[in-house]
Amino acid sequence: MNPFSSGTRLRDMIRAIRSCKTAAEERAVVRKECAAIRAAISENDQDYRHRNLAKLMFIHMLGYPTHFGQMECLKLIASSGFPEKRIGYLALMLLLDERQEVLMLVTNSLKQDLNHSNQYIIGLALCALGNICSAEMARDLAPEVERLLQFRDPNIRKKAALCSIRIIKKVPDLAENFINPAASLLREKHHGVLITAVQLCTDLCKVSSEALEYFREKCTEGLVKTLKDMANSSYSPEYDVAGITDPFLHIRLLKLLRILGQGDPDASDCMNDILAQVATKIESNKNAGNAILYECVGTIMSIEDNGGLRVLAINILGRFLSNRDNNIRYVALNMLMKAMTVDAQAVQRHRATILECVKDSDASIRKKALDLVYLLVNESNVKPLTKELIGYLEASDQEFKGVLTDKICSLVEKFSPEKIWYIDQMLKVLSEAGSFVKDEVWHALIVVISNASDLHGYSVRALYRASQTTTEQESLVRVAVWCIGEYGDILVNNVGMLDIEEPITVTESDAVDAVEVAIKRHTSDLTTKAMALIALLKLSSRFPSCSARIKDIILQNKQSFVLELQQRSIEFNCILQKHQNVRAALVERMPVLDEATFSGRRAGSLPTSVSTSTGTAHNIPNGIAKPAAAPVADLLDLSSDDAPAPSSSGGDFLQDLLGVDLSTASAPPSASQPPKGGTDVLLDLLSIGTSPPAQSSSSASDILSSIQDNTASLANLNGLTSLSPLSANGNSPASPAPVMDLLDGFGPSPQKNEENGPAYPSLVAYESSSLRMSFNFSKQPGNPQTTLIQATFTNLSPNVYNDFLFQAAVPKFLQLHLDPASSNTLPANGSISQSMKVTNSQHGKKSLVMRIRIAYKMNGKEVLEEGQVNNFPRDL
Amino acid sequence: MRHNPEEAQRHQKSESGIPAFEAPENPDFPFRLLSRMIHFVLLISRQGKVRLTKWYSPYSQKERTKVIRELGGVILSRGPKLCNFVDWRGFKVVYKRYASLYFCMCIDQDDNELEVLEIIHHFVEILDRYFGSVCELDLIFNFHKAYYILDELLLAGELQESSKKTVARLIAAQDSLVETAKEQASSISNIIAQATK
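Chains as they are written, first to last, in full-length UniProt numbering: chain A, 1 to 876; chain B, 1 to 197.
Don't read these hints as lab results, they were simulated from the structure.
Some clues are possibly wrong.
[Claimed, not checked] List time: in silico DSS-like cross-link candidates among lysine-lysine, alpha-carbon distance up to 30 Å:
1. A:K21 / B:K164
2. A:K75 / B:K145
3. B:K96 / A:K21
4. A:K32 / B:K182
5. A:K225 / B:K145
6. A:K359 / B:K182
7. B:K96 / A:K32
8. A:K438 / B:K66
9. A:K75 / B:K165
10. A:K286 / B:K165
11. A:K32 / B:K164
[What the hints assert, rightly or not] Output of the computed footprint for chain B on chain A, the stretches with three or more beta carbons under 8 Å from beta carbons of chain B:
12. 103-114
13. 234-242
14. 285-294
15. 357-370
16. 471-483
Owing to the predicted nature of the structure, the values given are computational and were not obtained by experimental measurement.
Ideal Cβ positions, reconstructed from N, Cα and C, are used throughout, including at glycine.
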């Protein structure tokens, strides 16, 4: 025996580890044991191999690395004795998973053991195969498993059946081999075999429609009979659980029947009686019985409509909902959620009870209930339900507030019957849980306020009032500050007073006070402070009497350590001091923000949109120089009419307005904007990161020409540039950008996209029997490397495609950016479009090439189409 | 047709020049395409120590540690008398406490939670019968036996046997196989020892 081996028994090692008082002590013991085991491994010690491996398993469970023992598993499995194999297989399943290459080496041993004369060794091999086999192994060993489905001992048959499930999930095209053997297993009497066979059939139906058809036709009646026999069987002690014979088999049979009955009236008809019997006869005082009832309700909801049964099922759920057991209430809520799609009216009847559950002391139940309430809300009941939820917002604990706030905001937005109600509710939420409100939500509120011109006065007064009483809710303060800045004059003059409002007297200095509080409060973050700065600038023009005071406040930020604030305060100060003539025009009220664009951008930022862009083409920090060059050129050449201008989106205004938002996580990422890194701060500062340079330059030139003060303002701009040397940072041409953002609002925005580049013929990039994809190309003038591709997908079948997802992959010399598709549902014979941008770094040398993958669901079945597009026009 | 990750990967290796697809996936837990009833079984003590883990879906070592830490935090902090289900990362974890041990099983959203509770109880009853009023120490020192029992009860994340008696019988038969082999080995070594005396 080697000198390092401690030779301790497993039991002694466990004891030693357990007696450790500190983590360090434990580590020391484990390290010593591991060293001994390693030594034994390198000496190829055979006598203690199984003991060492057992120790390793224990060490593994404690979370220590044990990869060095992996080969030992294989050796033990390859040995001949049952005890060694038993430990070896156990360790194999514990220490390895299907993604490890080592696993392939065990295939041969597995094959031998599957053909072993000892049934327990076959059992071990089946167990290992079922738990961790990879697709390759599944393919290699499927014939063995198939054969074992007919083995003489039922315990092997059941293991083989479950193993088959793993195999068909790994390699779905093997499914057809298992259909017949699975069907014959259904006729067995042995419960273990029956349970596993039913399970196998269920999974076969999920992967193969052929199997589904087969079982539906051949086995439905048999299964119904089996279930009937079970339900009527007398007491059998071996399978009895709380007075019910084998609830596990009950449940599996119901599950399979659900799949067979779904979408097939005949099969559904066949099982109606037995479902009614189960639903009425099973005792519901024990968990086992409730589990069966729950499954039965699920089946009734899924199979083809039978009015009577549905009523029965909803009644069971109603009973569940009023149960005192939390588990039962949880599953009731869960099932009611599914029932919503079947019979929303019936679920609405339980609304009051469900609302109570939102206030439950159990977080799991609260969450489920809230999800359900969310589904229950419609136009007719949104007001009372929202009132309930907002009322509950006060009482709920912090953890739950976030989820609750999200849901309320989403409901209010979705169903608000009128704007004033929306604004009211949002105000309540902001005052109660403003810190949980997501950025895009309060952005949306600002957009709505901006659009509701008759409510400007009402909103700003309400916000002013709210911000006087509540100061710790960040997003409330932001919205309030924005509105005071924009509508300060309305606030002071009580313009547009509604009847329902209480009169309020706000002086000009009160309004400035409110903003000053926001900027001076130490808990305010950068965004709030920057918004307050802008508000102050705006107020300076609205309230000439407070101008001097405002200048003071702005000047105080000149020494701010935050670059953004410092720069803005210097710039604003400069505007206040030197440019009285343009100030009024500069700080005019924002043009109405475009709701459609904003919601479009929000939709684009949803996580469901999958972009396979290979690089962050737009935000690379090195890119600063390039986009910055364009505005300068435009500044100098104000008459240039042919500035390339993609249609500027109104939604950008908001972002530009808030262009100070440095909190990277909270910025609503638009689809064209990959996640920001720290390096982008500069880009953000200059606000050129998010909007294409062409856009800001074009609006800048518009403004300048509209002001009709060309030379003067150009000089001004240059003056500003030199005033902010810090920000310039070697990129001086870029620094006019912030000013342009200020000015951004003036530009008459729509500018048509001029087709300057050569035209390319469109092509059919992909076509199958069910789908056609065609590409239209266009180039941005001055950027020959980049091609804009408009892909149009046309559904050639009479079926609707759901969850449509287009993906594309390109070689390294190309960069691809995908915008979200216009919809993820492709109607029958309809079409949707999706635009993408390809940048060819080898432009002129290599032509485009692309591999595509299209996934969608047709009639609930997933379909995947793949292809390669080689026929791009040469010079793209 | 279902999307099969391994298949796709092999496919892509053969064609050079074009990189692999970026499949939409959960960055934390990739490869989670297959649905199965039970994704993993976890036994944690009240102190958060792991007593048994069984993974039926592929989780890397790092993920496993993370899962255990995360779930331990969630489950151990839940008060008594609350429901036995926790929503977790789009999955559901069904747990039940027996004495000082928490038995947890992670299942898909549409699976029957109540049944899984029943399976947990089934497992505990078999353990109880095997060890004779089982306690945490039994499971620590005989952890491998607990695994053997679990392997007779679940396979590929699915239930394989609803009869406690059958499981007990199968385990007993295999235990006796091991005993016989041991006796043989010791008798052989005795013979050798005597022969070489």
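Hints versus structure:
1. Between the alpha carbons of A:K21 and B:K164 the distance comes to roughly 39 Å, so the proposed pair goes past 30 Å and is violated.
2. Straight-line distance between C-alpha atoms of A:K75 and B:K145 comes to about 21 Å, which keeps the hinted pair within the 30 Å bound.
3. Only pairs whose Cα atoms come within 30 Å are accepted, and B:K96 paired with A:K21 is accepted, the gap being roughly 29 Å.
4. Distance check on the hinted pair: A:K32 and B:K182 sit about 28 Å apart at the alpha-carbon level, within 30 Å; holds.
5. Taken as a hint, the A:K225 and B:K145 pair is broken in the structure, with Cα atoms around 38 Å apart against an allowance of 30 Å.
6. With a C-alpha separation of about 61 Å, the suggested pair A:K359 and B:K182 falls outside the 30 Å cut-off, and the hint is violated.
7. Of the pairs offered as hints, the one joining B:K96 and A:K32 is violated, with about 36 Å between alpha carbons and a cut-off of 30 Å exceeded.
8. As the CA atoms of A:K438 and B:K66 are separated by approximately 27 Å, the hinted pair is consistent with the 30 Å bound.
9. Distance check on the hinted pair: A:K75 and B:K165 sit about 33 Å apart at the alpha-carbon level, beyond 30 Å; violated.
10. This hinted pair checks out: A:K286 and B:K165 have alpha carbons roughly 22 Å apart, not beyond 30 Å.
11. Between A:K32 and B:K164 the alpha-carbon distance is near 40 Å, which puts this suggested pair outside the 30 Å criterion.
12. With 0 residues carrying a beta carbon less than 8 Å from a beta carbon of chain B, the region 103-114 of chain A misses the three-residue requirement, and the given coverage is violated.
13. A stretch counts as covered by a chain when three or more of its residues have a beta carbon under 8 Å from one of that chain; for the region 234-242 of chain A and chain B the count is 3, and the coverage holds.
14. A stretch counts as covered by a chain when three or more of its residues have a beta carbon under 8 Å from one of that chain; for the region 285-294 of chain A and chain B the count is 5, and the coverage holds.
15. With a threshold of 8 Å between beta carbons, the proposed coverage of the region 357-370 of chain A by chain B holds, since 7 of its residues qualify and at least three are required.
16. Counting residues of the region 471-483 of chain A whose CB lies closer than 8 Å to any CB of chain B gives 0, so the stated coverage by that chain is violated, three being the minimum.
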